[in-house]
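2 protein chains.
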Amino acid sequence: MAENQEKRYQLIKVALGEAEADLAIINGSVVNVYTGEVEQASVLIKGDRIAYVGSDTGKAIGPSTQVIDAKGMTLIPGLIDGHTHIDGPCSISEILRYAIAGGTTTIITELSDLGSPLGYEGVIQFLASSQNQPVKIFITVPPMVTLSPVTEEHALTVPQLRRLLRRKDVLGLGEVYWGDVVNGHQRVLDLIAETLRQGKKVEGHSAGASGAKLQAYVSSGISSCHEPISAEEVRERVKLGLFILIREGVVRRELEAISRLKDDDDAINRLAISTDGVAPEQLINDGYMEFVVQKAINLGFKPIRAIQMATVNVARHFAIDDDIGGIAPGKYADIAIIPDLKTIKAEYVISNGRLVARNGQVLVPPREHRYPRSLLHTVNLARDFTADDFAIPAKGRQAKVRLIDQVTNLVTREAFIDMPVTEGQLKADAGKDIIKVAAIERVYGTGRRSTALIRGLGLKKGAAATTDVWDCGDIIVVGTDETDMAQAVNRIKELGGGIVVCAGGNILAEMPFRIAGTISTESVETLADRFDRIQRAAAKLGANSPNFSLTLATLPSPAIPFLRICSSGLFNLKSNRFVDLVVG
Amino acid sequence: MAENQEKRYQLIKVALGEAEADLAIINGSVVNVYTGEVEQASVLIKGDRIAYVGSDTGKAIGPSTQVIDAKGMTLIPGLIDGHTHIDGPCSISEILRYAIAGGTTTIITELSDLGSPLGYEGVIQFLASSQNQPVKIFITVPPMVTLSPVTEEHALTVPQLRRLLRRKDVLGLGEVYWGDVVNGHQRVLDLIAETLRQGKKVEGHSAGASGAKLQAYVSSGISSCHEPISAEEVRERVKLGLFILIREGVVRRELEAISRLKDDDDAINRLAISTDGVAPEQLINDGYMEFVVQKAINLGFKPIRAIQMATVNVARHFAIDDDIGGIAPGKYADIAIIPDLKTIKAEYVISNGRLVARNGQVLVPPREHRYPRSLLHTVNLARDFTADDFAIPAKGRQAKVRLIDQVTNLVTREAFIDMPVTEGQLKADAGKDIIKVAAIERVYGTGRRSTALIRGLGLKKGAAATTDVWDCGDIIVVGTDETDMAQAVNRIKELGGGIVVCAGGNILAEMPFRIAGTISTESVETLADRFDRIQRAAAKLGANSPNFSLTLATLPSPAIPFLRICSSGLFNLKSNRFVDLVVG
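Protein chains in written order, with the working numbering: chain V, 35 to 618; chain A, 35 to 618.
It should be emphasised that the hints constitute simulated quantities derived from the structure, not laboratory data. Careful, some of the hints might be misleading.
Note: identical chains are not told apart, hence a pair may lie in one copy or across any two.
Below, a list of computed lysine-lysine pairs in the BS3-like style, where the Cα atoms sit at most 30 Å apart [claimed, not checked]:
{"no.": "1", "residue 1": "Lys-41", "residue 2": "Lys-202"}
{"no.": "2", "residue 1": "Lys-93", "residue 2": "Lys-608"}
{"no.": "3", "residue 1": "Lys-434", "residue 2": "Lys-461"}
{"no.": "4", "residue 1": "Lys-247", "residue 2": "Lys-47"}
{"no.": "5", "residue 1": "Lys-247", "residue 2": "Lys-376"}
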């Protein structure tokens, strides 16, 4: 009998009381996510799966059985984060430390941070890093919707996608921005078609869409959305058959607004709660998925519904509910033991049948992955930058200029102003909160770059640069001063990727992302400290965003409205084309 | 753009009002299975899918758009039968006539009738017959659990299964009997493992199992069961994470018993309603799935729940809910228009975007399939039978004999009696309701056969034979008289398969199953009439089963307790082995 069959047959034997369980959890209250009930029961585990849940366990508990006495505590399925980004900035082993300690046993991650700059190679390398970890990691393949023609040139092809989708740890195509789909983006429609052909999921991203546009988007075969920010947006999407992943993490926090649906069981049936990514500081202060579930309960969701939204519902959405999401025979033994149904604080965490954490202490440390050399050299700039590289030449004495107008810390608009031309150039004007922004292609050594102007960041002096940006392999650098901008970029080059804040020739704060320019090799705690220093340094220079590095990261993204920049220039998302900086 | 992509892009265009719909259904009340609500809305269809559901349809309805005015009637998703057997006795085109007229647009069928006698070839031939039909047909692959060593020898292999599971119209492994799994049936465990490896469903069959045995069965990776006959059995299975298909059809009718769960929304979320096969007479008198949904409503299920149980729930179970199960953008345009939510009587049926039936009249007739010659020659008996072929030799004057004791029309037990030996033989004793039963291998020309004794059928004279049996390729023949038995078998041979009742040298009733010995080429109406004649002829001979041909069909099945017969002899399902007829 092959190994898998033999393992299954051993489950059968244990359930029948004809073989000893490897692990038994006795005297617990087992939450049944299928019925919504709680039952006094023991759980028998053989290998990595559950064999039996009930009270008739005597014969299968023997000398070789490890026994955990739950002492009346509550057993819930290991938590699932159904939509997140763990391909940076924390290394996988670092984020897993927190995930495991808090009772999360499955993570379904997007791969845009690694996939956008590095394409197929980035995906393959992440999958290598997620193998043989103490908990399960699944991915969705990044469609690599990008503004950058360079990234687009290296974007995922249909044959590459086909190969990836054959893997069990690849659940579908990752978040596809709605604008591109509705605009008929050829490659994206091809990727969607291939994914549907293989019967896997196309994850959606319909931020702000409604009415006919939303329906047009959904008609393409999209299965989910994690972008609703109100109960109304949830309802409109559920009506269209979408599955909704409510986001409570670093980008936004929507649980409170969506808690208006706390008694709508029909809607909840199609909801999950997820993080969409967490910052190191959140991991330290709040924890991971246990925080999200606890918050849902605190906001008035019935505890069983909150737990279902983080377990069976998301497993069902991704059609992996035969394997995970509930405590039942045949499922993987992924279990968190919590004090009671309302207190999501794991005292024991079992993953794949192993006790992996106890009282917040990780017992089975995640594997630190060694990335290949290629991923440690992704900042490929031919030479050091100088102030002149950020000059914006212009003719005459005055020019009509198109500005990126930063109206929230994420959303930009387009503004047109008249600016003086000084010595044949347009200069930053920090007094009017207008500074320079540049995007520099850094992965493929093309040397491509563009410089423009941005209003509303608040920076009064200095510069900041980052390789940790959304949806392309550019460095984004902003600054009031071209010399500082050059220093920031040159320091990034030295670091091999990262975030740098500098002013007047001094590096004020920095964070190296040695892996792919997006992943740190440092601890979560060090990262949190570095993020804090970067934020404080930027704030000291005048930056008004509560999350300045996020604001920079989103500048080249097609996911957020509406005037954006990449190494090929300014891009207007409404007109879906590159636009000129100087318009008159 | 490839065809699929282009079709999707046309949906987008229609939703945006930038292209004309092919079909528009206006002025309807649209049932939303995702929210449980009903909405006044129009539906726009392009090609075979829905582009838009809502009120803002003006721009997409143009001169080329066919418009159906629903006049306030109710639109529900096309009904889905999630567990049935349409591989006989009706031909596929005949059963589809009724399915289509009543609003069923998807059928998920087991293939045991064709698969058991013919194996892989039978599956492939059925799949050929189900292509290009006006509605969707999916299959589950028959595991071919059988008592017959001959059938087992030709049973499905793992490589054959692997090939089949790669197809989109193959949803998983068909009903796997629990006893074999729990007993560690090697080939079945291999088939289960291969199915799970490919991420498809293993359909269950846990009739009568409970407690540790049921859990042992479920731990093997089973995803569903369609066998519960009470609310308690449903609850026990839902708790274990199984999906339940409530059966209301030819074999049994459970809806009434299970209607005790009509207000348990958590349970209903994991329930579907299905037929498990319908008799021709039921199709004529009651209809198909529309009857089952109507009955659920009549029994007190909320109409929306009854509809969900026949649409979105079953689609979700089989992970085909991105394509079917609801009226929403991107889904196939499979819609039934009914007078109101409580009256499941389709006035219009749309399938794949085409109007296929109106007021019970089929507008797009199903395709009559031409089977290859091999399927028309599956009764391979080397010669005609004679009375001597059914002799049971015995020694001495009296013998202790093991009887098949037919205690219900499906269930048998084992009985031991003393019988006189006459001229070296055991004879039927119709006065004591003990007659002869024989099983004859008919597909592979092995000549293998066995004869035994059965009590409780009620037959006072004559014989009956059938090729339409469960789980093997045997002819089952019963009779009070060996000469009549021989005539019945010889007539079956002439017909190329079917059911025959005869007595005193006369054929009293017969039904040819020319295709594979299990499928008729006649109309549903003719079939119903023939079944009626067979039942009446058998009853006239004394048969007490309300469905005599079903009783015969189940005699060689391992699915029902517990003493069975196949061409290799008597089989005791409790001890899981062949047993002797004469025991002393």
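The hints, checked one at a time:
Within a single copy, Lys-41 and Lys-202 get their C-alpha atoms as close as 19 Å, and across copies as close as 29 Å, so both meet the 30 Å cut-off. Proximity of Lys-93 to Lys-608 under the C-alpha cut-off of 30 Å is restricted to the inter-copy arrangement: shortest distance 22 Å between copies versus 67 Å within a copy. With identical chains, the CA atoms of Lys-434 and Lys-461 are at most 30 Å apart within one copy only, with a shortest distance of 13 Å there and 110 Å across copies. Taking the closest pair of Cα atoms, Lys-247 and Lys-47 come within 30 Å of each other only across two copies (10 Å); inside a single copy the shortest separation is 54 Å, beyond that limit.
Taking the closest pair of Cα atoms, Lys-247 and Lys-376 never come within 30 Å of each other, the shortest separation being 40 Å inside a single copy and 33 Å across copies.
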